[in-house]
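Listed below are the residues making up each chain.
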Amino acid sequence: MADVNRGDRPLSPHLTIYRPLYTMILSITHRITGVGLTLGLVLVTWWFLAAAIGEDAFAVADGVLTSVIGGLVLIASLWALMFHLCNGIRHLFWDAGMGFELETAWRSGLAVIAGSIVLTVLVMLVALGVF
Amino acid sequence: MAYRTDRQRVEGLGTAKDGTREWVGQRVSAMALIPLVIFFVLPLARHLGGGYDEMVAVYQNPFNAIVGILFFIVITSHLRHGLQEVIVDYVHGKTALTISLLANQMFTGVLGVTGVFSIAKIAFGG
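As given, the protein sequences belong to chains A and B, one line each in that order. Sequential numbering from 0 applies to the first sequence in numbering that gives the first Met the number 0. Sequential numbering from 0 applies to the second sequence in numbering that gives the first Met the number 0.
So that you can see chain A by itself, here it is in the shape it has in the complex (with noise of 0.2 Å):
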């Protein structure tokens, strides 16, 4: 009977036990981007559901995505979206059974971070009117 041991099994290890790796903090923070998204989302539906009640409760949201606390928001929501965009297509290639040797996984990482803030930056210089 395995009740008879209970309290004395091994236990597999866990975060504690680990030397903190990068793609440690890559991992959790997809989750985190995931989970934060939402409330980017529920500001831009905001937006599109004022559009289409009319022009005041339009410019109600408006004003509040285009305030200095809405901007940093939305700032935020674009670099997390392109994160999790950049290492969602890392994990496909995982899924596809593809990049899990360690090097790759290293610079896939590194790939990821890179892209993210290059792929903000650039859609920032879009919403700036630059292209």
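Calculated directly from the structure, the hints in this document are not laboratory data. There's no promise every hint is true.
Rough simulated footprint, nothing fancy, chain A against chain B, three-plus residues with beta-carbon under 8 Å [what the hints assert, rightly or not]:
| hint | segment |
| --- | --- |
| 1 | 25-36 |
| 2 | 41-50 |
| 3 | 116-122 |
The beta carbon of each residue, even a glycine, is placed where N, CA and C say it ideally should be.
Given the structure of chain A, go ahead and fit chain B onto it with the hints provided.
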């Protein structure tokens, strides 16, 4: 040596034994979102802050309207799968889990329909 307890065996605890549909659905929506995110975000970034008339004109363009509607359908499906994964990881207890999963279904469903309806209304004439 068997590490599973009798109680786990009786209650059927252990692996979930299903979830392939969710796993595949999450990846299919992920792939669809790669182009959708790009074509949704660019006009949004370009025209956010341009005022009501400009916004309406942008989403009366059939391309932007279709991309926008597809975006809302697919991203709320992807969000539902993603939040569900987080909920089943962190929410314990049958009642709390059931309520959380139901709330997730309703929230993402309402969000998706709101987005689709809003863009359709703007596209069909504000």
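Checked hints:
Restraint check on the segment 25-36 of chain B versus chain A: 6 residues with Cβ-Cβ distances below 8 Å, three needed, restraint holds. Taking a C-beta to C-beta cut-off of 8 Å, the segment 41-50 of chain B contributes 7 residues in contact with chain A, enough for the three needed, and the coverage statement holds. Using a Cβ-Cβ cut-off of 8 Å, 5 residues of the segment 116-122 of chain B lie near chain A, which meets the minimum of three, so the contact claim holds.
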